[in-house]
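Go ahead and model the full structure; you've got the sequences and the hints to work with.
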Amino acid sequence: MPKTSKVEDKTNKSDKHPERQVLEIRDLHTQFSTHDGVVKAVDGVSFDVIEGKTVGIVGESGCGKSVLARSVLQLIEHPGQIVGGKVLYRDYAEGEEAASQNDILALPSGGSEIRSIRGGHISMIFQEPMSSFSPVHTIGNQMVEALRLHKPISKVEANEQAVDWLHRVGMPNPSERIRAYPHELSGGQLQRAMIALALSTNPSVLIADEPTTGLDVTTQAQILELLGSLQEEQGMAMMFITHDLGVIAEIADDVLVMYLGRVVEEASVTQLFQSPQHPYTKALFTSMPGTGEIEDNRLPTIKGSVPEPHSRPAGCFFHPRCDSFMSGTCDIAEPELLAVNGQQKASCFLYSEGE
Amino acid sequence: MTVDTQENNESRDVTLASERQLVWARFRRHKLALISTVIVALFYLVAFGAEFVAVNDPVETDAKRSLMPPQSIHLFDGWKPAPYVCEMVGKRDPVSLRKSFEADCTKRIPVQIFARGFEYKFLGLLRSDRHLIGVGDSERSQESLVFPLGTDVQGRGLFSRIVYGTRTSLSIGLVGVTLTLLIGVSLGAVSGYFGGFIDTLIQRSVEIVRAIPTIPIWLVLAGILPRDWGVLQIYFAITIIISLFAWTDLARVVRGRFLSLREEDFVTAAMLSGARWQRIVFRHMLPSFYSHLIAATTLAIPSMIISETALSFLGLGLRSPAISWGVLLQATQNVHSVALTPWLMIPAIPVIVVILALNFMGDGLRDAADPYASTS
Amino acid sequence: MWVFLAKRIGIGLITIWALSLFSFILIQLPKGDYVTSEMIALQMEGENVTDEELENLRIYFGLDKPVHMQYLSWIGNMMRGNLGYSYAQRTPVNDILGQRLLLTVLYAAATVVFIWVVAIPIGILSAVKQYSFADYSFTTLGFIGVAVPDFLLALLFLWLGFVFFGVSMGGLFSPEFVDAPWNLARIWDLTKHLFIPIIVLGTSGTASLIRIVRANLLDELHKPYVVAARARGLREWRLILKYPVRLALNPAVSLTAYIFPFLISGSVIVSVVLSLPTIGPTLLQSLLEQDLQLAGAIIFLAGVMTVVGTLISDILLGLLDPRIRQA
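Protein chains in written order, with the working numbering: chain A, 1 to 355; chain B, 1 to 376; chain C, 1 to 327.
Just so you know, these hints were derived from the structure itself, not from any lab.
Some clues are possibly wrong.
To be verified - Each computed SDA-like pair below joins lysine to any residue, with the alpha-carbon atoms no more than 20 angstroms apart:
hint, chain 1, residue 1, chain 2, residue 2
1, C, K129, A, L75
2, C, K223, A, S275
3, C, K7, B, L201
4, C, K242, A, Q81
5, C, K242, C, L194
6, C, K242, A, S131
7, C, K242, A, R179
See below:
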């Protein structure tokens, strides 16, 4: 697999600095009340986001990864609700080390504190760049708005900085494109503009929610490369959400694998790609083209399909689809996320049995 | 390299429901639409059995009981369930010479259900004199009558006239909407199925028809109808005039549906297997959006009813001796007289109730047919 | 924008042409021409008219020319503001309509403004506070507003005004101002009198606009660009007003173009009920008296007003939406 060399590069690089947590997400619970019952979209997720590093969150559609990303900024809309947990944010720009820790979720919704964090300290980019810009406002209008919300600068200055940023993200002809409407730009260009918008306020965390989905492969690679180099320049932390293990290999340092609102495996990207532990992660890898052993030219798939989110199976949520299903254990008790291999954690009875 | 899973239906308990069942299940959730449907059904029932529901002959005039106010029906005589009304006694004010009525409850006229009244031929076939309510036989011989909603200038029972008007106004709605449906569906289908030049042509005509202020044109068309035409001729002429401008919405709905259906596999399959276009349109495409069509049709009826009522109200639609809600409302054109005889406004109530009910019903149907469509 | 506008103007012109044809046919409908009926009238009075005199009269009115030439000269006159001659009233149509035209335009335009001013804030409020008490009450009111026909509403206002206040509403001027020249006092008097007619005519339009704004805004409120704007820290109300409302207004503006014909239509009936000095009662009167020359002119004018009103709304829409501007 060509990706592995890249993975090793990244791990080597990130060993140099002491690790400083920017975000600590603790036991986050977000649920949706629907006609068919309560959907626990995020069900007790905890992890850290570390300065200068990228945590990748991977899972099938509907596993709660986007809801997780939005919960961090209190962006959950009705009928969704954050029902528990903490998102602790530490701003190192203000002071050193033990800079004051703020629980973002405890901030009054819509208040000035949460608004200064949104877009100022923590920026977000989305999938479908085309629909993430208002179609009736120019790119520049929306960039200037973001800049002036978080920096005390004039319109002219904001405009200059916006052009500057468009230039940095490789937008051709930035001083002209800034006056363009979204429908006049391509998907790749729009995503570049989105990144410029998100980073122009110098945030310490960037949340990227499937930013490359829907773009063609070449553009996808360019955007990933751009994000990587900008992260190196700015030193920001990144939370990268995707359903694509290839993208994870490209950009992440640490990886969370999510299934039905829970983290089933947590590992560094090298560990994950070299020795996936959880049967679900393994299944993801075997269903990926180009890895694993392929018999009779057919791509293996995970048997069954993701259960309805409001009626998750008892015991381990994955047991009906699991190849290593142990009757009497997996369908009764819920496994915990435990260390299995050094830093690597998995929630599976295969590993807790031996204790 | 995306994470993808394959559907595996064996492991899932899937029950299949037909489109009709699904629509019905969604429709049932709209309580308001359900209630409205019952109300609409009741109104059409009244329209169907107008002769039976009517209490008095709607065309029998009597100057002696001109402009009599509504008589309230008392359900109990003491504790005894014996419905009756009080006799109305006419008095003439010696100064203003204006005639007024007062209820004299010493003379009680008993009211019963399935009483005998004026003779009629139900649907032109069955001869009968039974009515839903009426006075007992002995009182009838004394010419005592009941007027639940009072009488008009010529002493005709308003309740019975509203009941007969229901038949006219609601049937104009139905006949008109059928015409509209024919025009709208054919033009919409042709436009959406063939596309290209024909589509452009029809779309432009739709835009032009929509840009025309309809009421003046209706007025003019209704105004130039020959004065010597009979009730039935006027009735159909008015219906056609109203339908002439009402088809554009339906045509748009049908066209939109056809445009999207044209891309569907089952239509392509039918085309590839060499079916004629008539067959594809009527056997394959139309049935797949019956529920939309029913919803759009239901929503088109209210404007038909309003149009008829408005035209007749202005004296350019149906005219006496025809009875419709609009004709009845003509009596309210003079505010000064209505102030003294407010019950003449009562025909406005069924108009509003039916229009509201049809709107709610249509909205419910539309939501049920297409839960993801926006209301625009 | 230009292509879009050219298209709209083209459709407007075709509409006017269709209406002019309709009006012209209408005018031609009565059996015999004006000169014949004039001759009969004169003969009834005992006058003797020679054939030569009649022929001269025909030439004077252009009735000797073929029909298509008559049509052309008729439409030419229309364009130049000469609305023709009411043979029934023996008065030029211009004199009969007089300021009625102006008042019709004023009435319709004021109603459009009313609809906008009332419906848009309510629509926004209903959508943002979805399922709130206010939302439910406005939705209910909206349904009733759509369901009650204009003329019934007008009747209701008339009746209520008469029964409870003893005033007979109707008309657009107090008696002392009916024939007064235009001045501030007269305009104020008109404004006071316009209030009820505007509510009557505007109710159903307001109700449907509320529904459209609400539905569109509900669609827009959860679009990714709204979440994106919220994620960059925008204040909630500013965000709603700047982005989704802007987008939800586009269909609302195109609706205005669509309701303009209804307003002109509805104003005819409402004016009749409330006896407003607009073209409505004149049209009804002319039809009841079979004065088709007058009716034809009014139909044509109503059509022109509608087309112009629609066009103005279209231009507004073009200015509001860059996607249309560039189309």
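Evaluated hints:
Proposed proximity of C:K129 and A:L75 is supported: the alpha carbons are some 17 angstroms apart, at most 20 angstroms. For the proposed pair C:K223 and A:S275, the alpha carbon gap of about 40 angstroms is over 20 angstroms, so the pair is violated. Proximity of C:K7 to B:L201 is assessed by CA-CA distance (about 13 angstroms); at most 20 angstroms being required, the pair is judged to hold. A C-alpha spacing of about 26 angstroms is found between C:K242 and A:Q81, which places the hinted pair above 20 angstroms, so the restraint is violated.
This hinted pair does not check out: C:K242 and C:L194 have alpha carbons roughly 33 angstroms apart, beyond 20 angstroms. Pair hint C:K242 plus A:S131 holds up; C-alpha atoms about 16 angstroms apart against a cutoff of 20 angstroms. Proposed proximity of C:K242 and A:R179 is supported: the alpha carbons are some 18 angstroms apart, at most 20 angstroms.
Consistency with the previously given hints fails for numbers 2, 4 and 5, ordered from lowest to highest.
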